[in-house]
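For reference, the chains in residue letters:
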Amino acid sequence: MARMTMIEAIRDAHMIAMEEDDTVVVMGEDVGYFGGVFRCTAGLQKKFGVERCFDTPISELGIVGTAVGMAAYGLKPVVEIQFADYMYPGYDQIVSEAARLRYRSAGEFTCPLVIRMPTGGGIFGAQTHSQSPEALFTHVAGLKTVVPSNPADAKGLLLAAIADPDPVIFLEPKRLYNGPYDGYHDRPSVPWSKHPDGEVEAGRYETPLGKARVVREGADATLITYGTMVHVALAAVEDSGVDVEVIDLRTLLPLDMDTIAASVNRTGRCIVLHEATLTSGYGAEIAALVQQDCFYSLEAPVLRVAGWDTPYPHAQEWDYFPGPARVRRAIDTVMKE
Amino acid sequence: MTTRKNTKKPEVSGDELKEFYREMLLIRRFEEKAGQLYGMGLIGGFCHLYIGQEAVVVGLEAAMEDGDRRITSYRDHGHMIACGMDPKGVMAELTGREGGYSKGKGGSMHMFSKEKEFYGGHGIVGAQVPLGAGLAFAQKYTGGDRVTMTYFGEGAANQGQVYETFNMAALWKLPVIFVIENNRYAMGTSQARATSSKDIHTRGEAFGIPGEMVDGMDVLAVKEAGLRAVAHCRSGEGPYILEVMTYRYRGHSMSDPAKYRTRDEVQKMREEHDAIDHVRKLLIDGGFASEDDLKSVDKDVKDIINEAADFAKESPEPALEELWTDIYA
Ligand SMILES: Cc1ncc(C[n+]2csc(CCOP(=O)(O)OP(=O)(O)O)c2C)c(N)n1
Ligand SMILES: [Mg+2]
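Chains as they are written, first to last, in the working numbering: chain A, 1 to 337; chain B, 1 to 329.
It should be emphasised that the hints constitute simulated quantities derived from the structure, not laboratory data. For glycine and all other residues, C-beta sits at the position ideal for the given N, C-alpha and C. Among the hints, erroneous ones may be present.
Said to hold, decoys possible - Straight-line Cα separation of at most 27 Å, BS3-like style, residue types lysine-lysine; simulated pairs:
hint, chain 1, residue 1, chain 2, residue 2
1, B, K33, B, K116
2, B, K33, B, K198
3, B, K259, A, K46
4, A, K46, B, K198
5, B, K259, B, K281
6, B, K114, B, K88
7, B, K116, B, K18
8, B, K33, B, K259
9, B, K259, A, K47
To be verified - Just a few of them, taken from the derived set where beta-carbon distance is under 8 Å, the chain A residues facing chain B:
hint, residue
10, T23
11, V25
12, S59
13, P89
14, H129
15, P133
16, W308
17, H314
18, Y320
When you get a sec, could you build the whole thing from the sequences and use the hints?
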C-alpha cells in the first residue's frame with residue numbers, strides 16, 4: 001500500500017487505464033504539457049505521448065463534443081474540464097449528445113466517456129471557481145455521477161468510470177485534493193499522509209459505481225452526504241456527542257438506496273448534507289426517496305443542510321460553507337423530535 | 001479587407017506623453033501592490049495581474065470618448081484604473097471589503113461601474129464577448145455614435161461564442177471593437193499549442209470584419225489603431241478587430257509558477273520592449289520632461305497606491321446580512 005494524495009491517486013488511475021488500454025486518451029485545457037492546473041495529469045504526456053494526452057484550446061463545447069464523437073467511434077476519452085464552473089459552455093453536448101447516444105441509437109452506440117471536473121469551494125474561488133453543479137447532471141437521464149471523498153475511492157471509482165460503457169461525470173472536490181477537510185478553516189489542515197483513506201492499493205482495482213459506504217456506524221440518526229462534506233459530517237458528529245451514522249454516497253447516480261433505507265429504517269432520523277445550494281439540490285431527491293421508502297420508520301422530518309441559495313461569495317466564504325456548526329444544529333433539531 | 005501593420009508614429013504632445021506615463025505607472029504600481037498584499041495574505045483566491053500589458057488599455061482609452069463603453073475579462077484591474085475608477089474601491093474589492101466596488105461579493109474578477117461605463121470584470125473565459133456586442137447593440141438602438149471596447153485574450157479567441165458574436169456584430173453592424181489582448185499565453189498554453197492560425201486579427205475576414213495587428217508595447221501605436229477602429233465604428237460601418245501584441249510579465253494568476261516559458265524570454269521583453277520605459281525615453285529624449293519631473297510623477301503615483309492599500313486594509317469586512325442582499329430568487 002502506498003500513501004497518496006487524491007491528486008496522486010487520480011493520476012495513478014489514469015496511468016493504469018492508459019497502460020492497459022490504448023483507446024484511453026486524456027484531453028483538456030493544460031492537461032498535457034503543463035500536467036493540469038491541479039497536477040492530476042502530470043507526467044501522462046511524457047509517458048504516453050501527445051497523441052494520447054493532449055492540450056485543447058479553451059473551447060469547452062468543442063472539447064466535450066469532440067470527445068463524444070471519439071467515444072462513439074470506440075475510443076475512451078477522459079476529459080478534464082479545468083473547473084466544474086467552466087462546464088456550462090459544454091453542457092449542451094453533455095446533455096443533448098453524450099447522455100442520449102445509447103438511447104437514441106437503440107443501443108447501437110454507447111458513449112464511454114468520463115468527464116472529470118474539480119468542484120466545490122474552500123479555496124476562495126468565489127462564484128466562478130467554487131460551484132457544485134452535481135444536480136445539473138443527476139437531473140439528466142443518461143448520466144452517471146460520481147463524487148469521491150478520499151484518495152482510495154477516487155482511484156477505484158475513476159478506474160470503474162473509465163471501464164464503464166456509458167458517460168460518467170466525475171466530480172472531484174478540490175478542497176480534498178491534498179487532505180481531508182473538516183470545515184474548521186481556522187484549524188491546521190491534515191494531509192492525506194496522516195489519514196487512513198490516504199492508503200491506496202497498488203495496481204488496478206475498481207470501486208463499484210452505485211455502492212455507498214458507511215463511514216461511521218451509529219444508532220440515533222443517519223447523515224447522508226458525499227465529497228468534502230463527508231469529513232465535515234464526521235467532525236460535526238464527533239462534536240455533537242450523538243451517535244449518528246454517516247453514509248458517504250460515493251456515486252449519486254446510480255444511487256445505493258438499499259444502504260440508505262437500511263440505515264434510516266434503523267435510526268428513524270435523517271439529515272442530508274451537501275455544499276451545493278439547497279433549492280432543487282440533490283438533497284431534495286434523497287429526502288423524497290427517504291420519505292417514500294422509510295416513511296413508517298421516520299421519527300422526525302428529514303432535514304437538509306446545504307449551501308445558501310446565493311452565488312458563492314468572495315469575501316464570506318465561511319459564512320456560506322455549510323460547516324460543522326450548521327450540521328450540529330441540524331443534528332440537535334432532528335434529535336429533539 | 002484591410003490588414004495593416006502600424007508604421008508611422010502619430011503626433012503627440014508632451015502633456016499627452018506625460019499622461020500616458022502616469023497612467024501606465026499607476027496601473028503597474030497598483031498591480032505590484034496587489035501582488036504584495038496577496039503575499040501578505042490580505043488578498044485571497046484568484047488575482048490576475050496586468051503588469052506588462054499597460055499600454056494596451058491606456059492607448060485605447062486615449063482613443064475613446066465620454067459615453068463609450070468597455071468590458072473585459074478577469075484580468076481587469078488595469079482597465080478599471082484606466083477608465084477612471086477609484087483605485088481604493090478596486091483594491092478594497094481585492095481584499096473583499098465593504099468599500100470594494102462589489103462590496104466584497106465579486107473579488108478581483110468581478111467589478112463594475114455604471115458611472116465610468118465599465119461593464120465588468122468576467123471570470124468565465126469568452127463570456128464577455130457577446131455581452132460587449134449587446135452593449136453596442138443598445139448603443140446603436142438608443143441612437144448616437146458611441147462604441148464599446150470588448151477586450152479578451154488570445155486564448156479566449158478559441159471560444160465558440162466569440163464567432164457567434166462576430167457574425168451577429170457584422171450582420172447587425174454593431175459599433176463594437178473586439179480587442180484581442182494577445183499576451184502569447186493562455187495560462188500555461190502558448191498560442192502555438194492551442195490556436196490553428198498565427199494571426200487572430202484575420203479571423204474576422206469570413207464575417208467581413210476588418211482587423212489589424214498592433215504593437216501593444218507601444219502606447220502611441222495602440223492609440224492610433226484605436227482611433228482608426230473607433231472612427232470605423234462611429235461611422236456606422238460595424239465591428240472592427242484589433243489584435244494587440246503584448247506580454248504579461250507575471251504568472252497567469254498569483255498561484256502560477258510559470259514553468260512553461262523561460263526566464264530569459266520574460267527578461268528580454270522587460271528589458272527591450274517595456275511600454276513604460278518606452279514612454280519614459282520619449283519624454284526624456286524629446287525634452288518633454290526631466291528626471292525630476294518623472295520622479296515627482298512617481299511619487300504622486302506611489303501616494304495614490306499607498307492610500308488605496310490603506311483603504312483596502314481598513315475598510316470593514318462586509319456585514320453578515322450582505323450574504324443575502326442582491327438575491328431575488
Ligand atoms: C470557460 C472557461 N474555461 C476555462 C477557464 C480557465 N481559464 C481562466 S483564464 C484562462 C486562460 C485565458 O487566456 P487568455 O484568453 O489568453 O487571457 P489571459 O489570461 O492571457 O489574459 C483559462 C483557461 C475559464 N475561466 N473559463
Ligand atoms: Mg493570453
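A quick look at each hint next to the structure:
1. Our distance criterion of 27 Å between C-alpha atoms is met by K33 of chain B and K116 of chain B, whose separation comes to about 23 Å.
2. The straight-line distance between the Cα atoms of K33 of chain B and K198 of chain B is roughly 35 Å, outside the 27 Å bound, and the hint therefore fails.
3. A distance of roughly 16 Å separates the Cα atoms of K259 of chain B and K46 of chain A; the hinted pair therefore holds under the 27 Å criterion.
4. This hinted pair checks out: K46 of chain A and K198 of chain B have alpha carbons roughly 26 Å apart, not beyond 27 Å.
5. Proposed proximity of K259 of chain B and K281 of chain B is contradicted: the alpha carbons are some 32 Å apart, above 27 Å.
6. Between K114 of chain B and K88 of chain B, the direct Cα distance comes to roughly 17 Å. Compliance with the 27 Å bound is thereby established for this hinted pair.
7. The straight-line distance between the Cα atoms of K116 of chain B and K18 of chain B is roughly 22 Å, inside the 27 Å bound, and the hint therefore holds.
8. In summary, the hint linking K33 of chain B to K259 of chain B is supported, as the alpha carbons are separated by about 23 Å, within the 27 Å threshold.
9. Proposed proximity of K259 of chain B and K47 of chain A is supported: the alpha carbons are some 19 Å apart, at most 27 Å.
10. With its C-beta approaching chain B no nearer than about 24 Å, T23 of chain A sits outside the 8 Å limit, and its interface hint is violated.
11. The restraint placing V25 of chain A at the interface with chain B is violated, with a minimum CB-CB distance near 17 Å, outside the 8 Å limit.
12. The interface hint given for S59 of chain A holds, since its Cβ lies 5 Å from the closest Cβ of chain B, which is under the 8 Å cut-off.
13. With a least beta-carbon distance of about 7 Å to chain B, the hint placing P89 of chain A at the interface is held under the 8 Å criterion.
14. Satisfaction of the interface hint for H129 of chain A is found here, the shortest Cβ-Cβ separation to chain B being roughly 6 Å, below the 8 Å cut-off.
15. Taking 8 Å as the C-beta cut-off, the interface hint given for P133 of chain A is violated, the closest approach to chain B being about 13 Å.
16. For W308 of chain A, the shortest C-beta to C-beta distance to chain B is roughly 6 Å, which falls under 8 Å, so the interface hint holds.
17. Look at H314 of chain A: its Cβ gets to within about 3 Å of chain B, closer than 8 Å, so that hint holds up.
18. Because the smallest distance between the Cβ of Y320 of chain A and any Cβ of chain B comes to about 7 Å, under 8 Å, the interface hint for this residue holds.
When the structure is compared with the earlier hints, violations turn up for hints 2, 5, 10, 11 and 15 and for no others.
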